[in-house]
Each structure stands twice: as C-alpha cells, then as structure tokens.
Amino acid sequence: MYRKKVLTSLAAAATFSMLLSACANQAGPGTTESSGSSSKVNVPAISKVDVPAGAVKPAGDGKATCPATTTLAYAGAQTGPNAQLGVNIFNGIQLAIDQHNKANPGCQVQFKKFDTEGDPNKATGPVTQLVSEPDILGVVGLPFSGESKATGNIFEQKGLVHITPSATNPGLTGNGWTTFFRGLGNDAVQGPAAAKFLTGKLGAKKVYLVQDDSDYGIGLATSTSAGLGSALAGTEKVTTGQKDFSAVISKIMNAKADAVFYSGYYAEGAPFDQQLVGKGFTGTFVAPDGVKDDQFIKQAGDASNNAYFTCPCLPGELIPEFASAYKDVSKGAEPGTYSIEGYDAATVLLSGIDAGKQNRADLLAWVKAYDKDGLSKHYKWDAKGELQAPTVYGYKVENGKIVPVGPIGE
Amino acid sequence: MLPSLVPLLPTENDWITFDIPSLAENFWSATFDGLTFGAIYALVALGYTLVYGVLNLINFAHSEVFIVGCYAVFFTLSSLGFGPSVPRLDIWAIILNLLLALVLAMVASAVTAFLLERIAYKPLRQRNAPRLVFLITAIGASFTIQYLIYLWRGPSPELALTMFRPTPIFDVFGTIIDSQQLVIIIAAVIMMVGTDRFISKSRTGRGIRAVAQDPDTATLMGVNKERIIITTFVIGGLLAGAAALFYVMKIPSGVQYSGGFVLGIKAFAAAVLGGIGNVRGALLGGLLLGLIGNYGQILLGNSQWTDVVAFVVLVLVLLLRPEGILGTSLGRSKA
Numbered sequence: 196m197y198r199k200k201v202l203t204s205l206a207a208a209a210t211f212s213m214l215l216s217a218c219a220n221q222a223g224p225g226t227t228e229s230s231g232s233s234s235k236v237n238v239p240a241i242s243k244v245d246v247p248a249g250a251v252k253p254a255g256d257g258k259a260t261c262p263a264t265t266t267l268a269y270a271g272a273q274t275g276p277n278a279q280l281g282v283n284i285f286n287g288i289q290l291a292i293d294q295h296n297k298a299n300p301g302c303q304v305q306f307k308k309f310d311t312e313g314d315p316n317k318a319t320g321p322v323t324q325l326v327s328e329p330d331i332l333g334v335v336g337l338p339f340s341g342e343s344k345a346t347g348n349i350f351e352q353k354g355l356v357h358i359t360p361s362a363t364n365p366g367l368t369g370n371g372w373t374t375f376f377r378g379l380g381n382d383a384v385q386g387p388a389a390a391k392f393l394t395g396k397l398g399a400k401k402v403y404l405v406q407d408d409s410d411y412g413i414g415l416a417t418s419t420s421a422g423l424g425s426a427l428a429g430t431e432k433v434t435t436g437q438k439d440f441s442a443v444i445s446k447i448m449n450a451k452a453d454a455v456f457y458s459g460y461y462a463e464g465a466p467f468d469q470q471l472v473g474k475g476f477t478g479t480f481v482a483p484d485g486v487k488d489d490q491f492i493k494q495a496g497d498a499s500n501n502a503y504f505t506c507p508c509l510p511g512e513l514i515p516e517f518a519s520a521y522k523d524v525s526k527g528a529e530p531g532t533y534s535i536e537g538y539d540a541a542t543v544l545l546s547g548i549d550a551g552k553q554n555r556a557d558l559l560a561w562v563k564a565y566d567k568d569g570l571s572k573h574y575k576w577d578a579k580g581e582l583q584a585p586t587v588y589g590y591k592v593e594n595g596k597i598v599p600v601g602p603i604g605e
Numbered sequence: 047m048l049p050s051l052v053p054l055l056p057t058e059n060d061w062i063t064f065d066i067p068s069l070a071e072n073f074w075s076a077t078f079d080g081l082t083f084g085a086i087y088a089l090v091a092l093g094y095t096l097v098y099g100v101l102n103l104i105n106f107a108h109s110e111v112f113i114v115g116c117y118a119v120f121f122t123l124s125s126l127g128f129g130p131s132v133p134r135l136d137i138w139a140i141i142l143n144l145l146l147a148l149v150l151a152m153v154a155s156a157v158t159a160f161l162l163e164r165i166a167y168k169p170l171r172q173r174n175a176p177r178l179v180f181l182i183t184a185i186g187a188s189f190t191i192q193y194l195i196y197l198w199r200g201p202s203p204e205l206a207l208t209m210f211r212p213t214p215i216f217d218v219f220g221t222i223i224d225s226q227q228l229v230i231i232i233a234a235v236i237m238m239v240g241t242d243r244f245i246s247k248s249r250t251g252r253g254i255r256a257v258a259q260d261p262d263t264a265t266l267m268g269v270n271k272e273r274i275i276i277t278t279f280v281i282g283g284l285l286a287g288a289a290a291l292f293y294v295m296k297i298p299s300g301v302q303y304s305g306g307f308v309l310g311i312k313a314f315a316a317a318v319l320g321g322i323g324n325v326r327g328a329l330l331g332g333l334l335l336g337l338i339g340n341y342g343q344i345l346l347g348n349s350q351w352t353d354v355v356a357f358v359v360l361v362l363v364l365l366l367r368p369e370g371i372l373g374t375s376l377g378r379s380k381a
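Going line by line, the protein sequences match chains A and B.
Quick note: the first sequence uses the numbering used here, first residue 196, plus one each step.
Quick note: the second sequence uses the numbering used here, first residue 47, plus one each step.
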C-alpha cells in the first residue's frame, strides 16, 4: 500500500536533484563563497585612533588632596542579562580611579558599585540608597536609557551629578534634569552620522531603509532618513520576531539599492542580512549599535561580511596605553563597548575633585562648565546635558570580527 | 486637544495606504514568492484535509507534526556541517545531504503523527468520545508538543541553515526565478499531484475515500478502518516532513519551538479556503493564500499585513461560498 507513495517521493526526489544540478551548472563556482564582492567600496580598518594631545588623564598633577571619605560611585548592571556592558563600564571607571589614586597619595578616592541589573524596575532602590550616602560626590551611570529615565529625578532631588556613559535615547535630556549629563552622542546624532557614512565613505547612491518596531529602531530610522535625503530609495518596516524577509528583500532588489540601513537589533538584523545576501544582494549592509554584537556574525555567517556598523562609542582597544592598563583591571579582557566612555566620565569627575570641588554642588558646577579633551573625545556639555561635539564611529566585519574603520559623520 | 495626546494620533504614515505602483513593480517577484509559500502551505494543508476527511477532526496538532520535521532537518543538516554560511560542498554532496534530511524529516513527522494518533486520538475513538473532546485533545496535544520542544531547546530560534546558494534560473518579465523557488514549487507540486493520484487511484486511496464517505458501510464492505486512519495520519506526516525541509530552505532561521503555530493556522485556513476534506481544494487554497498574503503585504506596504489580508480574504470567500472554493468532501472527490 505504500508503494505508490514511495514512488511519488522518489519522483519528487529525482526532480529535486535534477533541478539542483541544473543550478549547479549555471552557478559554476557559486557554491564556494567568495567573500565580499569586488564592486563594493572597501573602507579600510584603522589600527589606531588619535588621542587628543591635551587629553585630561586621571593622574592629574599628583599634588591633589582630599578627605579620605571622598567617594565616586557606579550605578548600573553588574548582574542580569546585559551584565557585560556594565562590566565594560565599571572596569573603565576602576582603571581611572586606580591611576588617580596611585599618582595622588594625598587624595585616595573610594569607589562604590550599586547593581541595578539594568532593569528600570529594580534601579530605583539602589539609586535611592546611593544618593543618601553623603560621601558620594559624583556618579557614573546609569548605562541604559530605561533605567536612566526611571532614576533621573532621584539624582535631581539630591543635586548629585551623574554622567551616563552609554544611554542613547534622545528624550532623556528633555526632562529638565540639571544633574544628568550624557557622555556620548545620542541617537539623534547617530542617525545623521550614519546617513553621511552611507552616502560619503561607502559611496551609496540608493539606500534602502528598513526599521523594526522598537522605539529605538523607529527613532533612529527617522533621524537617518532625514539625513539621507534624495539617496533614500525606500523604507520598509519589519516586526520584532519576524523570520521571513522575502517581500522586503524583493522590494530592495527591485529598487536596485546599493546599500541597506537596518535600524533595529541583531535578533532580526542577522537573519535579515543572511536572507538578503542569499537572494544575491551585493551591496553593503549598515546597522547601528543595536546590531554591533558578535552574535550578529555568529547568526548571519558569511553573509555578515557585507556589514558595517555605526556606534557612538570609541574603540578603546586601539589606544595602546589604555588597552594594556585596562587588561590589568579586567583580568586580561580587552576593553569592550563603552569601556573608554566609562573611563573618561570618571576622569571628568576625578579632575573636579582634584581641583578642590569636594561637595556635590561644586562638582556639579564643575561638570557644567567642563570644556576639555578626554581620551575619547572633547567633553563640553550644553545646557540640557548633551555633548556639543559627539563622535560616532564606524565599524565593519572583517575575518569574523568587528573592527573599527574610524570616525564618521564629520 | 491635550498636548500629551498629540503623539498618539496617527501620522500620515500610519494610515492605511495602497501602494499600487509598488505592487506593479514587485508583482512578479511577489507572485513567485507567494507561490513558493503557497506550495509549503498546501503540503501542510493536505495533512489537515485528509484527517478531516476521514475523521471529521481538525487535527490542530498537525502544526507540531510539521515543526518536529523542521527540527529533524535542523539536526540532520547541522550535524552534517551546514550552518548560516553557504556550504562549501560540491553540488552532489549537497543534494545527497538534502535528500537525507528530506527522508529523515518525513520519517520524524510521520512517526510523530503516528504516535499522536495512537496516544491522543485512538483511546478517545474507542470510548466513542464526542467530537468536541477530540478538538480539545488536539489543541492540548499541540501545546504539549510545542512546550516539550520549548523545555528541550529553549525559546530562541536555532541557528540559520543555508542549504545552497539560490542561483538565477530564468527570467520572467524582468523578474528572476531562482533555483530555490523552483526547487520548492516543483517538488511540492509533484508531491501534491502524487497525493491526489494516490487518493483517487490506489486501493488504499479508495479505502480512504470509502471511510470518509461512510465509515460504517466501508467497514461492512471489508475496509480496515483502523488501518486507513493510521495511513491517513502517516501520509499527512510524510507531507508535513517534506514541507518542513522546504520551509527551512525558504526561511533558514525559522526553526523555533513556536515556529509551526502560525504556519499551521495558515495551512488550516488554506484547507478551509479550498474546501476542507478536498485534496485539490487544499492545493488550490494553499497557493491562493500564499499569493494573496504576499500581494497584500506589498500593496499595504508592511509585512505585518500578510496575515491580515490572507484572513480577510478567507472570511470573504467563506461568506460567499461557505464550503470553500472547491467545496466537495474527500469522499465525493473523484478524479
């Protein structure tokens, strides 16, 4: 009784193999991937970044004095799903404080860490505890936008200055807080920078913009499309959790776009890029910091070779003196995303303490008036707490690793 | 208006707009992609329709029979070294690997369907349970299998599998048909036609139609009803396993514990659209649903619309023809 069924399957299988072999004949070397298409613009990786000559270092002049109780704090994730980002940051802070204390025997600054798990609902407890400790003069944190939004008022009420090394939601500085400072470019800066990167260095003439349905993805897509202007070939939306991108891809192919900007996270970005390349797309794939993760390379495989990233973060691993000193603190790990932003933020606060700003009000005024170079960039904030000249970096995938290609958007 | 409400108002972009130029421009690529999906829906829909024809049971656990096949494809191919990157194998090695995956997926799905019938449905049948109980059992079995997979593999999708690099085969009205679409459509159509002929011509097929028409008389006429039921489930499983291979070929990152759910619903809808219980109806319904969803999503400019459009059309068709497009039951379908 199964004979007919078997025959049918065999017939199907036979056709199947004939078809495949037909494609093989057409494809020629198509089954062996030649990574990267020759027509693609190649932006070379950089091997070092320029450190501003007059960059402020935590060590200072070595003559600082301060009370033994002087304390700086880190508030943010130490545990939880996104703990790695927090570890990157507080290792940077730890390094700055270690260097400062070694050079200044008369001023030994204490360092305290408060764990929020990166969760807006859990952050208010540790932050309330933190602001009530009078010895804490300044804080680096909080790393994420959600928890920053939830705790900004608590800092504001106690007049405690805090610098976030990584929260990028543009809305955070619109709350009227006077104690909140952002130590990097926000998403309203990243979008135009990404647009310039696409049409400038990458030489894209027709950019297709694809956004997911998150606030981050929508916001960033809006600011990017404004910057793209006439180079924008079309926009398309995808859903969180979407797996099939064939309709989006056929639109991109029919529009003959030479670059795609994906505004979202790597969970959808990786299969999207994989299917895009699978359908024969030979242009470049550009995505923001939400996609800049080793998981992207793992999930997209060889397809990830066409990917570039934008990120308002500096590659700390390329500053040799920083990278080698960092490894002493981190037990051998390379500086990660936002390590150097944490280091610089701590340096701003430490230099204030060294300059005698040893209460909360004075230190807040110090940060407000700050106008000096840090290791990663120039630090000068506007009245709302945004950096006046934030830097956005480009990155790309090379040999299965994410490497920096230098500042973009200038 | 309160200023705080203003952001909640839909902007111009949020309203439904019909992007006809885009549909015109993408018409042929949408057609071929739609047919590819339609072929996959149709293969799964056959499983719903056959079981419904014989038992008058909507086997909601059929989507899990399908996803088990997807996992079989995943484990076979990833243990053979396939991954997100294009495999560095010559074409014959790839064909052999894919055939192996096809066979294992068909076996895995057929075994799942067989066990499902033995464990979940047969005891109910022996006790003459009311039809509603079968339906609830089917839904329960669906969730059970789904969450067993969840416990085993966790919530995140498995790593993508690229089986081969799709290469352009020929050009239709400026749109390129690639090898992947062609393989899926042709292989699926062959399987569907084979199933149709099997049901209409073979001895077992005649038995299936006899049981569908009148189980009691069929038994009196010497048809072994239990064996026919098992055969029906196994055929549905085999087809679902084949669909699983094509599905993973089309959507490389689609292997996930819940991945069968929406596809199962759509395949069921395809069966209803064509006329449930009708083999050719399932084929027609599957292809139509694939096409309509794809056109709709391009016309309305957002992939979130695929399912909305597909189901709105389903409802409209059922309003006009409650029996589905072809409308006849399995028992009466002669060929």
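Check the hints yourself; a few may be wrong.
[What the hints assert, rightly or not] Distance ranges between label pairs, derived from CB positions:
no.: 1; chain 1: B; residue 1: Phe160; chain 2: A; residue 2: Lys308; range: 54 to 60 angstroms
no.: 2; chain 1: B; residue 1: Leu178; chain 2: A; residue 2: Gly595; range: 54 to 60 angstroms
no.: 3; chain 1: A; residue 1: Asn316; chain 2: B; residue 2: Ile311; range: 32 to 38 angstroms
no.: 4; chain 1: B; residue 1: Leu146; chain 2: A; residue 2: Gly369; range: 42 to 48 angstroms
no.: 5; chain 1: B; residue 1: Pro201; chain 2: A; residue 2: Asn316; range: 17 to 23 angstroms
no.: 6; chain 1: A; residue 1: Thr274; chain 2: B; residue 2: Glu272; range: 19 to 25 angstroms
no.: 7; chain 1: A; residue 1: Ile241; chain 2: B; residue 2: Phe189; range: 41 to 47 angstroms
no.: 8; chain 1: A; residue 1: Gly595; chain 2: B; residue 2: Ile232; range: 33 to 39 angstroms
no.: 9; chain 1: B; residue 1: Ile311; chain 2: A; residue 2: Gly595; range: 51 to 57 angstroms
no.: 10; chain 1: A; residue 1: Asn316; chain 2: B; residue 2: Phe189; range: 26 to 32 angstroms
In short, the hints are calculated from the structure, not lab data.
Each residue gets a CB set at the ideal place from its N, CA and C atoms; glycine is no exception.
Here is how each hint holds up against the structure:
A hinted range of 54 to 60 angstroms for the beta carbons of Phe160 (chain B) and Lys308 (chain A) is consistent with their spacing of about 57 angstroms. Checked against the given bound of 54 to 60 angstroms, the beta carbons of Leu178 (chain B) and Gly595 (chain A), roughly 55 angstroms apart, stay inside it. At roughly 34 angstroms, the beta-carbon separation of Asn316 (chain A) and Ile311 (chain B) lies within the given 32 to 38 angstroms, and the hint holds. Taking 42 to 48 angstroms as the suggested C-beta distance range, the pair Leu146 (chain B) and Gly369 (chain A) does not conform, at roughly 59 angstroms.
At roughly 21 angstroms, the beta carbons of Pro201 (chain B) and Asn316 (chain A) sit within the given window of 17 to 23 angstroms. The given range of 19 to 25 angstroms is broken by Thr274 (chain A) and Glu272 (chain B), whose C-beta atoms sit roughly 57 angstroms from each other. For Ile241 (chain A) and Phe189 (chain B), the Cβ-Cβ distance of about 53 angstroms falls outside the hinted range of 41 to 47 angstroms, so the restraint is violated. At about 36 angstroms, the CB distance of Gly595 (chain A) to Ile232 (chain B) agrees with the hint of 33 to 39 angstroms.
At roughly 39 angstroms, the beta carbons of Ile311 (chain B) and Gly595 (chain A) sit outside the given window of 51 to 57 angstroms. At about 30 angstroms, the beta-carbon gap between Asn316 (chain A) and Phe189 (chain B) stays in the expected band of 26 to 32 angstroms.
Against the hints set out earlier in the document, violations occur for numbers 4, 6, 7 and 9.
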